[in-house]
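Keeping the supplied structure of chain A fixed, place chain B upon it in accordance with the hints.
Now for the letters of each chain:
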Amino acid sequence: MSLLYYRQKQAWASLRKKPGFVGTVITTMGITLGALLCVLTLAYVLIAKPLPYPDQERLYRVDSEFIDANKEGVGKAFTYPSLMHLYQKQAIFDESALLYFGEDVLTSSPAQPTMKTAFITPEWFNLLGVDMALGRKFEDSEALNTNNPVAILSYRTWQEEFAGDADILSQKVSFSGTSFSIIGVLSEDFIEPQIFTTGLNSQVFMPWDFNEAPENLRKSWSNINDTQLFIGKLNDKHSLSQAEQILTPLMNDVWQENVAGMDFFKGWSLTSKVTSLQSVILGDNRDTVYMLLAGVIGLVLIACANIANLFMSRTAEQQRQLAIHAAIGASKKQLFKGLFAESGLLMALSIIIALVIALGGFEIMQHFLAQRLPRVDELSLNGFTLLCALAITLVLALFFAKLSANMINYRALNSTLQSSGKGSGIQVSHKVRQLLIISQVAIVTALVFVNISLFKDAVDTIEKPIGFETNNITTLVLAGATTTPPSREERKVIMQELKTKLSQLPQVEAISQSGSPLSGFGIWAQIVVSTNERLVVETKPVDDNYFNLINQPLIEGRIFTDTEISDEVDVMLVNDVYARHLAGDESPIGMQITFGSPDDPAATIIGVVKGMTIPGRSEMPMRAYPAAHLGGTRLMLKLKPGQTLSRQQAAEIIAGVTSQYSLFELSSLDDRRDNLLFTQYTTAITSAILALLTFFLAAIGLYGILSYGTQMRRFEIGTRLAIGAKRKTLIAMIIKDNSLALVTGIITGMILLVLLYLGFPEELETYLQVQLIPVFALTLSLIATISWFACYWPLRQLINRPAIHSLRGSD
Amino acid sequence: MTSTLENNKEIKIQMRGIAKVFETEELETHALKNIDLTIYAGDYVSISGPSGCGKSTLLSILGLLDMPSGGEYTIEGVNVTDLSLDQAAEIRNAKIGFIFQSFNLIDELSVFDNVALPLRYSSEKMSEQAITERVTECLQAVDMTHRTGHKPNQLSGGQQQRIAIARALVAKPAILLVDEPTGNLDSKSGDQVMDTLEQLNKSGTTICMVTHDPRYANMANIQLKLLDGSILTTPAPGANIKEAV
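Protein chains in written order, with the numbering used here: chain A, 1 to 811; chain B, 1 to 245.
Since the hints were derived computationally from the structure, they do not count as laboratory data.
Even glycine gets a Cβ: it sits at the ideal position worked out from N, Cα and C.
Among the clues, some could well be false.
With a straight-line Cα cutoff of 27 Å, these simulated DSS-like cross-link-like pairs (lysine-lysine) come out [said to hold, decoys possible]: (1) Lys151(B) <-> Lys736(A); (2) Lys728(A) <-> Lys125(B); (3) Lys9(A) <-> Lys402(A).
Chain B is faced by these chain A residues, among others (derived, beta-carbon under 8 Å) [stated by the list, open to error]: (4) Gln711; (5) Phe715; (6) Glu716; (7) Thr719; (8) Leu721; (9) Ala722; (10) Ile723; (11) Ala725; (12) Lys726; (13) Arg727; (14) Ala732; (15) Ile747; (16) Pro802; (17) Ala803.
This is chain A alone, in the form it adopts within the complex:
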């Protein structure tokens, strides 16, 4: 039997006698290290792990950014012809691909589900090294302008929508009246790069030619669309900046030529931005990862301080046993190895629990955060996680063993035996205990303050009035089911009949032929007729029922009449932000606005509504609401309280009215609102859990340290009781004795917060408000409460019993 095995066996035998100690150590360290491993793995996957594509370091996305006459960025998106020009004329990418993301109803399926679609050029497969589970990739036969109606399914779509049918390659899928032959299924292992929206996994891939861009937009140099993208593999002759310098004139020159006649774009320009695919996918999540890491490291530090205290107390308990080992010849190094065997065993058990918790954390993130955090599908117990686990186990085991070993005065161990265990022997020094208290309180002050601040900010955003009602409102969106869409006049007839049918439903209270207030605002170029000012404003055409249905208050003027809507009169409403921009303190009623070109008919402002915010966003931009025509295919239904409308019922009504449309979307505004507030909800829940966990761990830790300190003073307290000290005097004494450490800890915590602010001034500026003063006061009172509690609770068992209990054993 090797010495190593013997030591482990002895360590286990010794630990088995202390199940409380073992349980506390492995639970505390298991939970906190589990959280650490989970977040470390997330950080590795997001920030350091190479993308799973060949030559991933050479993969880039190109963006086109419009700069207005004031040299301010207007937005990042391509016009369709610009994108085609880039694809066809660029020479710095060895290979490049076009992507267009959309959603459409799978009309060939009886359930008619809405599918996420991607329209791509064949190079996409080579760029990303795509392997196929079945069939083939897109080839030259699916290149630009081939119009070959074929489709490739993602592996999950094949499994879930087609039940993994082995005969899938002989089947077809139909979207918007076109039937696509299925020619392949992507490999199960393929991970689609989420370069358009985090969490978007395309279900059906079709050739670029069939993308959803309407014919007029395909030729328009003035309409931009952010769902169409360009990616490519940069050749090794050009750097990133060189690539941007080459691409900017390539795109700007041709765009300038084509908008030369448009006054609106006078002074505008277009620049190219080239961003690595890794950065595109990471997005602005780097700070989120760092914040998570900071929070979880704080938790681990608190846990380590707690466990360090437990280890020191245990060493103090073990002094007699250690003395016996020393007496029979154990060297100092051998005593350390014995302690290391114990700490190593405990940390190994902790890390096993931590790995299980990390696995659970991955599942939770993949289930709940896939729409918010990129690459969570790649989270797994990989080599990095296991290496971290091993390193953490070794470092912590060494740390705790060293800490315990440092308490042992090897030369003095013999006196422990001579005094039969009486006397001071090994003790956690007053200085060490004070340092532990200071570190605990400092970390908990900083962490609890940060978490309460985040919680408050998230809750404030959730509870912030958005300026309109969402209760009992459902949006209904139609999708074309034919290759040739109906004309506007045909649509008017269809929509009128559909509205009539829907309004006859007993659960429907009111209908508006408008899109959801939570989306659907387009960026429209506008010119103020009186001043010739050119603006870009969030705009959405709405009908006469829109404002009443969502209860968005009218401040001035009036809303549309039904005649104005049916006669398509050029009138519009604006929000109060736009009104102030147009007329200052005066009324904008009667002012005229044209859309895009001065030759277009001008719309007259007839009313001003109160501004609304999109949940989760703090800004309230200028918004315009021109009168909608009656051919729009988006409806809002106000349902009676407690009533619902099922997707099946809506689809049947649509089918009864027309075969040219199918149901694309039916969702409640409340659900959409909650969805938009998902980040705030997760922030609120996460920060509340972290605050509670921090608080809980700190309370346990402080209790442990102060309890140990009080136990060390048991005879002293007994003596004081014997000579007449009253209970309140002793409580005041213990609090006073620990106050310096507690106050020092709080001040250190405040210094940590200041350093945090100095490190991230821009990120934290928005959080620094006067309202944080009560949050800080709350944090301090919570810290004070647990600190004073930790002072009193261990003392109570000494002072609430006859003094002899404290003095027993003192002689």
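Using the frame of chain A, we list chain B on its own:
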């Protein structure tokens, strides 16, 4: 303050039928059985007996460090049988001085502050000057005025015990309760401490001492022996027996 006089001597301590039972789930131990005890002003009482006979338990109850399970107990005529913890603390502070085997001085406090501690816990607040005068007086009584600024761990065992005696005296208690005062001392220091106690008794201090050492027990004018929780009386040569079983 009410005092009881009997045979023209003031009764400091009176116990009637005091019992102490320690109970666990499985066992009931009668540590003291029906103890009757009266101690008069100026008495020097020693309590001795074999290990486990109840000496320390009796001393704890005498010092209000523990509560009896039955019987009645008065100090200077005040019934102290059923006091709350804080009331007991007040009586301990005012009427009882403790001297422990292991001195029980507080390491962080100087000699002066250790001795002054009972005065600071007193409900009758004293000025700093009065405290200084009283502490100096007590330190003079034990011949330790030259060590006022020292910490206990800078003193020998004998010196520490003399400081403990000064602390016990400082609040002018009705009685000094002494628990094995020489147990942690060498014989020379032990003798010095016992001399100090004898001097104090001669100057009028009432003392009740638990000891193993027959030599020191013999120094008391009343020697009580305990056996199995009951008092056996052994009169010291030439002493008046004030209490019998």
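Close enough to count: is the Cβ of Phe715(A) nearer than 8 Å to one in chain B?
-> 6 Å, holds
Would you check the hint for Lys9(A) and Lys402(A), treating anything up to 27 Å between C-alpha atoms as holding?
-> 20 Å, holds
Would the stated hint for Glu716(A) survive a check requiring a Cβ distance to chain B of less than 8 Å?
-> 5 Å, holds
Does the interface hint hold: is Pro802(A) within less than 8 Å of chain B, judged Cβ to Cβ?
-> 5 Å, holds
Hint status (Cβ of Gln711(A) to nearest Cβ of chain B, threshold 8 Å) = It is violated, given that the least Cβ distance between Gln711(A) and chain B is near 16 Å, above 8 Å.
Taking the closest Cβ pair, is Ala725(A) under 8 Å from chain B?
-> Because about 5 Å separates Ala725(A) from the closest Cβ in chain B, which is inside the 8 Å limit, the hint holds.
Against chain B, with CB atoms and a cut of 8 Å, does the hint on Leu721(A) hold up?
-> 6 Å, holds
Mind checking the CB of Arg727(A) against every CB in chain B and telling me if the closest is under 8 Å?
-> 6 Å, holds
May I ask you to test the interface hint for Lys726(A) with respect to chain B, counting a Cβ-Cβ separation under 8 Å as satisfied?
-> 5 Å, holds
Interface hint status, Thr719(A) versus chain B (Cβ within 8 Å) | 4 Å, holds
Chain B contact restraint on Ile723(A) - CB to CB distance below 8 Å | 5 Å, holds
Taking the closest Cβ pair, is Ile747(A) under 8 Å from chain B?
-> 24 Å, violated
The structure fails to meet hints 4, 14, 15 from the earlier list, while all remaining hints are met.
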